[in-house]
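In the order they appear, the protein sequences are chains R and U.
The first sequence: position 55 = 54 (numbering that gives the first Met the number 0), numbered continuously.
The second sequence: position 353 = 352 (numbering that gives the first Met the number 0), numbered continuously.
Simulated from the structure, these hints should not be mistaken for laboratory data.
Any given hint might turn out to be false.
Interface residues of chain R toward chain U, partial, derived using beta-carbon atoms under 7 Å [what the hints assert, rightly or not]:
# : residue
1 : T84
2 : M88
3 : Y92
Where a beta carbon is used, it is the ideal one built from N, C-alpha and C, also for glycine.
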Amino acid sequence: MKQLFPVPHVIGFVSSLLLSLIALVVVKFDLTFASGMTILGVTALVQAGLQLFLFMHVNENEDKRSLMTNIAYALFVGLVTIFGTLFAMLWGYNMI
Amino acid sequence: MKWDEFFVTGEPMIYAAMVSIVLVSVAIVAGLTYFKKWGYLWRNWLTTVDHKKIGVMYIIAALLMLFRGGVDALLMRAQTAVPENGLLDGQHYNEIFTTHGIIMILFMAMPFIIGLMNVVIPLQIGARDVAFPRLNAVSFWLFFFGAMLLNLSFVIGGSPDAGWSAYFPLASTEFSPTVGNNYYSLSLQIAGIGTLMTGINFLVTILKMRAPGMTLMKMPMFTWSILITSVIIIFAFPVLTVALALMMLDRQFGTQFFAMQNGGMDMLWANLFWVWGHPEVYIVILPAFGIYSEIIATFARKNLYGYKSMVISMVAISMLSFLVWVHHFYTMGHGVMVNSVFSITTMAIAIPTGVKIFNWLFTLRKGKITFSTPMLYALAFIPIFTIGGVTGVMLAMASADYQYHNTMFLVAHFHYVLIPGTVFAVIAGYHYWFPKVFGFRLNEKLGKWAFWFIAISFNVTFFPLFILGLNGMTRRMYTYSESTGFGPLNMLSMVGAVGLTIGFLLLVYNIYWSTRYAKRDTTGDPWDGRSLEWSTPSPVPEYNFAKTPVVTKLDAFWFSKKENTPLTDDGDYEPIHMPNNNGQPFIMGVAFFFFGFFMVFSWWIPAIIAGLVVLGTMAYRTFEQDHGHHISVEEIERTEKALRGEQS
Numbered sequence: 000m001k002q003l004f005p006v007p008h009v010i011g012f013v014s015s016l017l018l019s020l021i022a023l024v025v026v027k028f029d030l031t032f033a034s035g036m037t038i039l040g041v042t043a044l045v046q047a048g049l050q051l052f053l054f055m056h057v058n059e060n061e062d063k064r065s066l067m068t069n070i071a072y073a074l075f076v077g078l079v080t081i082f083g084t085l086f087a088m089l090w091g092y093n094m095i
Numbered sequence: 000m001k002w003d004e005f006f007v008t009g010e011p012m013i014y015a016a017m018v019s020i021v022l023v024s025v026a027i028v029a030g031l032t033y034f035k036k037w038g039y040l041w042r043n044w045l046t047t048v049d050h051k052k053i054g055v056m057y058i059i060a061a062l063l064m065l066f067r068g069g070v071d072a073l074l075m076r077a078q079t080a081v082p083e084n085g086l087l088d089g090q091h092y093n094e095i096f097t098t099h100g101i102i103m104i105l106f107m108a109m110p111f112i113i114g115l116m117n118v119v120i121p122l123q124i125g126a127r128d129v130a131f132p133r134l135n136a137v138s139f140w141l142f143f144f145g146a147m148l149l150n151l152s153f154v155i156g157g158s159p160d161a162g163w164s165a166y167f168p169l170a171s172t173e174f175s176p177t178v179g180n181n182y183y184s185l186s187l188q189i190a191g192i193g194t195l196m197t198g199i200n201f202l203v204t205i206l207k208m209r210a211p212g213m214t215l216m217k218m219p220m221f222t223w224s225i226l227i228t229s230v231i232i233i234f235a236f237p238v239l240t241v242a243l244a245l246m247m248l249d250r251q252f253g254t255q256f257f258a259m260q261n262g263g264m265d266m267l268w269a270n271l272f273w274v275w276g277h278p279e280v281y282i283v284i285l286p287a288f289g290i291y292s293e294i295i296a297t298f299a300r301k302n303l304y305g306y307k308s309m310v311i312s313m314v315a316i317s318m319l320s321f322l323v324w325v326h327h328f329y330t331m332g333h334g335v336m337v338n339s340v341f342s343i344t345t346m347a348i349a350i351p352t353g354v355k356i357f358n359w360l361f362t363l364r365k366g367k368i369t370f371s372t373p374m375l376y377a378l379a380f381i382p383i384f385t386i387g388g389v390t391g392v393m394l395a396m397a398s399a400d401y402q403y404h405n406t407m408f409l410v411a412h413f414h415y416v417l418i419p420g421t422v423f424a425v426i427a428g429y430h431y432w433f434p435k436v437f438g439f440r441l442n443e444k445l446g447k448w449a450f451w452f453i454a455i456s457f458n459v460t461f462f463p464l465f466i467l468g469l470n471g472m473t474r475r476m477y478t479y480s481e482s483t484g485f486g487p488l489n490m491l492s493m494v495g496a497v498g499l500t501i502g503f504l505l506l507v508y509n510i511y512w513s514t515r516y517a518k519r520d521t522t523g524d525p526w527d528g529r530s531l532e533w534s535t536p537s538p539v540p541e542y543n544f545a546k547t548p549v550v551t552k553l554d555a556f557w558f559s560k561k562e563n564t565p566l567t568d569d570g571d572y573e574p575i576h577m578p579n580n581n582g583q584p585f586i587m588g589v590a591f592f593f594f595g596f597f598m599v600f601s602w603w604i605p606a607i608i609a610g611l612v613v614l615g616t617m618a619y620r621t622f623e624q625d626h627g628h629h630i631s632v633e634e635i636e637r638t639e640k641a642l643r644g645e646q647s
């Protein structure tokens, strides 16, 4: 029974809920903008890590090269989307 | 809510549609009952996990949607054919161009391509099914019920009416108070999840399930294009998922992401939409390039020129496709810097695309060309698509785009790219692989008639729009005065639209004619093909390959024919392990449909119940023990003998 019980998944699920509750603090209490964003940023990063390791099993992959290609492409698309959006909608918007 | 807010009322065309929907539904139910086909339908189609059958269902759904979207297009052309026309009012016209766009891109082009890849990819790589057959069925049913949900909108509640791009603030509850855009956010969400899973499924299938010896650089070009497309799907669709979720929250839960005040930003929707939307363009065009590569190589009877450069240019397109989205809203008012950057990236896409055009031309050079129906589409594609591509470079120049933006010039441009690019490709692919699935070819004479109708009428329909756009006719205007002088060219365009209709009707008539009279193909290889799918008998048995083929080079089947070397070893048959059919994906799709429908009207309690049913079907799958079944050696021998005759 012990081998059958999915411990990492349950840990992942419970911690995801906990992290969401912590993020809720930002709404429920009167925090400054900076501290609110810090809490959101940190919980989001931990959340992403949990997903990657406990649910998507990135560390269980034998083939390191395809894993790295995958992560590099994901980073490329993610960073382009985030910084491209900032560039188009904010920074470049006020530029002549 | 009163009943006249629920049903769309006051429009004779809609009443006629309601009557026809009821009549067709009754006819289908009665027909199935009379011919006792319910069990057959359930066992062979609704519960199937066979990639070939799922592919066929995708293509049937796509053809139906082609006609739904085509009727929309005809109505639009009819409305604008003469000045001050009163056929449609402004609201109805808005709904029609919106649903035309959504249906043609998401519920026609995408499923047609996904259908072809379902049928072909496992056969082309020598596999017995996709990596996750059950997930494949889930993908299909989510797409199907997403599409049905959107199609329901024009009789119940009203269709989305803010354009297929649904820009905010127009799509907000303030300016679009009907439930139309709720349908938009929810039906696209449901279908989009299905597409995302298809992307994952085919990425894994192509990476993990190739026949022994088939390295990446020995894959057929269509398989390569689907590999790249799957990667783009996986990275682009999550953006749509998030954008649609934010849209739903804004419209139904009072958030302000895309509002014009309280820290919201209306143009952020346009931004997110096109971060997905531009890669989406390549999701529908890259498989088309793959289809053309297969067809041109087969009918020029030569190997593809510049295989490696084809692959590199596709990888380059997949990267560039994520770097150009701002060119859809150059006129938003951001600085010169932003427009310059995106202008350059956009023009850069013309380079790898140009490489591919030259590769096809060099493949044709000195080839022994057979002018079959699929080849005609491929040959027409090259010049027509080039016109679309070159006008695209014109639009890519940000300063010039201030002149072209949102005019009929743009409409002409993207139809010149998408119709020869995607529509010709799927029709060509459908003619090309039809004998593989059904065991007989479509009639060539009828096919060629349809081709000439479609290719000529397409130009008659859309070329005038370039001129109209340069003369200042904007897109999405439902009428115009006679003094504008737009009348004659619009009338010409209407004539072309009628020709296109005739072409597509011929296409469907060809299915009927060929089913009844066409000669059956006994070889499994009617076109003298090059890749592994043609080594199987037609129609393909459930298990695809009785023995897994071994590949040593590109175009393995072609060389095995020329050099008379077998594709498989001499060993005996072994029992084949296949997945079981299951009704869970269909039931999950139905539950998703009701969930989406209740959410559209903000009926929370029924929505929660339907949502729980969705979760229940997932839980059922989690705890289910299903180990598939084995096909015995005797049964394989019997099937192979029946399909191939005595020689095997």
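Of the hints stated earlier, which fail here? none
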